[in-house]
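Chemist: With the sequences and hints as input, model every part of the structure.
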Amino acid sequence: MNKGMFLDRDGVINEVLSERVKFVNRPRDFYLLEGVGEAVKIFNDMGYYVFIVTNQGGIGLGYMKVDALTDIHNKMEADFGEFGAVIDDIAYCPHEPHANCPCRKPKPQMILDLAEKHNVNLSESYMAGDRAPDIEAGNQAGTKTVLVGGRNEHTVKADWYFPDLMSFADWVKKHD
Numbered sequence: 054m055n056k057g058m059f060l061d062r063d064g065v066i067n068e069v070l071s072e073r074v075k076f077v078n079r080p081r082d083f084y085l086l087e088g089v090g091e092a093v094k095i096f097n098d099m100g101y102y103v104f105i106v107t108n109q110g111g112i113g114l115g116y117m118k119v120d121a122l123t124d125i126h127n128k129m130e131a132d133f134g135e136f137g138a139v140i141d142d143i144a145y146c147p148h149e150p151h152a153n154c155p156c157r158k159p160k161p162q163m164i165l166d167l168a169e170k171h172n173v174n175l176s177e178s179y180m181a182g183d184r185a186p187d188i189e190a191g192n193q194a195g196t197k198t199v200l201v202g203g204r205n206e207h208t209v210k211a212d213w214y215f216p217d218l219m220s221f222a223d224w225v226k227k228h229d
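Residue numbers (the working numbering): 54 to 229.
In case anyone wonders, no lab produced these hints; they're calculated from the structure.
Bear in mind that the values here come from a model prediction, so they are computed numbers and not experimental data.
Restricting the straight-line Cα-Cα distance to at most 30 Å, the calculated cross-link-like pairs of lysine-lysine (DSS-like) are: (1) Lys128 <-> Lys170; (2) Lys118 <-> Lys128; (3) Lys227 <-> Lys56; (4) Lys226 <-> Lys128; (5) Lys75 <-> Lys128; (6) Lys170 <-> Lys94.
Modeler: Shown next as structure tokens:
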């Protein structure tokens, strides 16, 4: 079976609620956070499948169309390509925040679906996110959990805490 790195997008991979971008609704709003390209390349080189699992309630709320999200993800993959890094698959929940759908984090369905599709052993995999719903989804799916950055999420019970994705990648290199 394969090992997976399940990564939240906004706040882990790219800027959000920053000085230059509030929300990512267009490709020109997408900026990789410092060290993220290198971190994903490390995960690739270590044999991890790398997945993005992201709630995109802006679609359900009418702020963004699926075509715009596809364009954003195409830009994201191109940005990673500049580092020789690869995202193996992307799952997103398009439903509005209170839709009670089966896929929106903190529910684990996106992780479970990707794991089944790519033959991933969840107990040997990680879910890295910056908010409680990410960590909860990872816990429910049976992954190890990592809080990255943690936008004031002081009460989140993750297995590990790192200031950014590169710090986590450096740790994985030493401990995996």
